[in-house]
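K.L.:
Sequence:
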Amino acid sequence: MAKHHNSHQKEVPLDTTKIIGYFRDSSHGPIENNNDIIEAINQLINESLFIEGKDMSLFLTDLGYKYIEENL
139 MAKHHNSHQK EVPLDTTKII GYFRDSSHGP IENNNDIIEA INQLINESLF IEGKDMSLFL
199 TDLGYKYIEE NL
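Sequential numbering of the sequence shown, starting at 139, is according to our numbering.
Errors might be hidden in some of the hints.
[Said to hold, decoys possible] Restraint ranges, calculated between C-beta atoms of paired labels, are given here: (1) D200 / P168: 24 to 32 Å; (2) D153 / K192: 13 to 21 Å; (3) K192 / N172: 25 to 33 Å; (4) Y203 / T154: 14 to 22 Å; (5) F161 / N184: 23 to 31 Å; (6) E207 / F161: 12 to 20 Å; (7) G159 / K192: 14 to 22 Å.
Because the hints were derived from the structure by calculation, they are not lab data. From the three backbone atoms N, C-alpha and C, an ideal C-beta is built for every residue, glycine too.
Construct the entire structure; sequences and hints are all you get.
P.N.:
Set out below in C-alpha coordinates:
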(Lines of atoms letter the chains of each structure in order from A and count residues from 1; the text may use other names and numbers.)
(Lines give C-alpha, C1' and ligand atoms only; values in the text may rest on other atoms or scores of the structure.)
Protein backbone atom coordinates (compact mmCIF):
# COMPACT_ATOMS: atom_id res chain seq x y z
CA MET A 1 0.00 0.00 0.00
CA ALA A 2 2.77 2.45 0.94
CA LYS A 3 4.84 1.50 -2.11
CA HIS A 4 1.79 1.94 -4.37
CA HIS A 5 0.95 5.27 -2.75
CA ASN A 6 4.50 6.53 -3.11
CA SER A 7 4.89 5.45 -6.72
CA HIS A 8 1.54 7.04 -7.52
CA GLN A 9 2.68 10.30 -5.89
CA LYS A 10 6.14 9.99 -7.56
CA GLU A 11 7.81 10.29 -4.17
CA VAL A 12 10.75 8.44 -2.71
CA PRO A 13 9.57 5.06 -1.38
CA LEU A 14 9.49 4.62 2.37
CA ASP A 15 12.71 3.31 3.87
CA THR A 16 14.30 3.10 7.31
CA THR A 17 16.34 6.29 6.80
CA LYS A 18 13.23 8.30 5.94
CA ILE A 19 11.24 6.87 8.85
CA ILE A 20 14.04 7.31 11.41
CA GLY A 21 14.50 10.89 10.19
CA TYR A 22 10.78 11.49 10.61
CA PHE A 23 10.91 10.12 14.17
CA ARG A 24 13.94 12.29 14.95
CA ASP A 25 12.24 15.42 13.60
CA SER A 26 9.00 14.66 15.43
CA SER A 27 10.70 14.05 18.77
CA HIS A 28 13.01 17.07 18.43
CA GLY A 29 15.88 15.03 19.74
CA PRO A 30 18.04 11.97 19.29
CA ILE A 31 16.47 8.56 18.86
CA GLU A 32 17.95 5.14 19.36
CA ASN A 33 19.12 3.70 16.06
CA ASN A 34 20.32 0.10 16.29
CA ASN A 35 20.00 -3.05 14.21
CA ASP A 36 16.91 -4.28 16.10
CA ILE A 37 15.06 -1.03 15.44
CA ILE A 38 16.11 -0.98 11.78
CA GLU A 39 15.01 -4.61 11.39
CA ALA A 40 11.63 -3.85 13.00
CA ILE A 41 11.08 -0.82 10.75
CA ASN A 42 12.03 -2.86 7.67
CA GLN A 43 9.50 -5.52 8.71
CA LEU A 44 6.79 -2.85 9.03
CA ILE A 45 7.70 -1.44 5.61
CA ASN A 46 7.72 -4.89 3.99
CA GLU A 47 4.30 -5.63 5.46
CA SER A 48 3.04 -2.24 4.14
CA LEU A 49 2.08 -1.15 7.64
CA PHE A 50 3.38 2.41 7.29
CA ILE A 51 1.84 4.93 4.92
CA GLU A 52 2.79 8.45 4.01
CA GLY A 53 0.15 11.16 3.79
CA LYS A 54 -0.07 13.75 1.02
CA ASP A 55 1.42 16.33 3.38
CA MET A 56 4.46 14.07 3.94
CA SER A 57 3.15 12.99 7.35
CA LEU A 58 3.93 9.41 8.28
CA PHE A 59 1.63 7.11 10.19
CA LEU A 60 0.83 3.48 10.82
CA THR A 61 -2.15 1.85 9.20
CA ASP A 62 -4.66 -0.03 11.36
CA LEU A 63 -2.79 -3.20 10.43
CA GLY A 64 0.44 -1.54 11.60
CA TYR A 65 -0.99 -0.86 15.05
CA LYS A 66 -2.33 -4.42 15.24
CA TYR A 67 1.06 -5.83 14.23
CA ILE A 68 2.84 -3.83 16.93
CA GLU A 69 0.34 -4.86 19.61
CA GLU A 70 0.74 -8.53 18.71
CA ASN A 71 4.52 -8.56 18.28
CA LEU A 72 5.99 -6.13 20.79
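K.L.:
Give a verdict on every hint.
P.N.:
Here is how each hint holds up against the structure:
1. D200 / P168: 24 to 32 Å: At roughly 30 Å between Cβ atoms, P168 and D200 fall inside 24 to 32 Å, so the hint holds.
2. D153 / K192: 13 to 21 Å: holds, 19 Å
3. K192 / N172: 25 to 33 Å: holds, 31 Å
4. Y203 / T154: 14 to 22 Å: holds, 19 Å
5. F161 / N184: 23 to 31 Å: violated, 18 Å
6. E207 / F161: 12 to 20 Å: holds, 19 Å
7. G159 / K192: 14 to 22 Å: Since G159 and K192 have Cβ atoms about 18 Å apart, the given range 14 to 22 Å holds.
Violation of the numbered hints given earlier is confined to hint 5; every other hint is satisfied by the structure.
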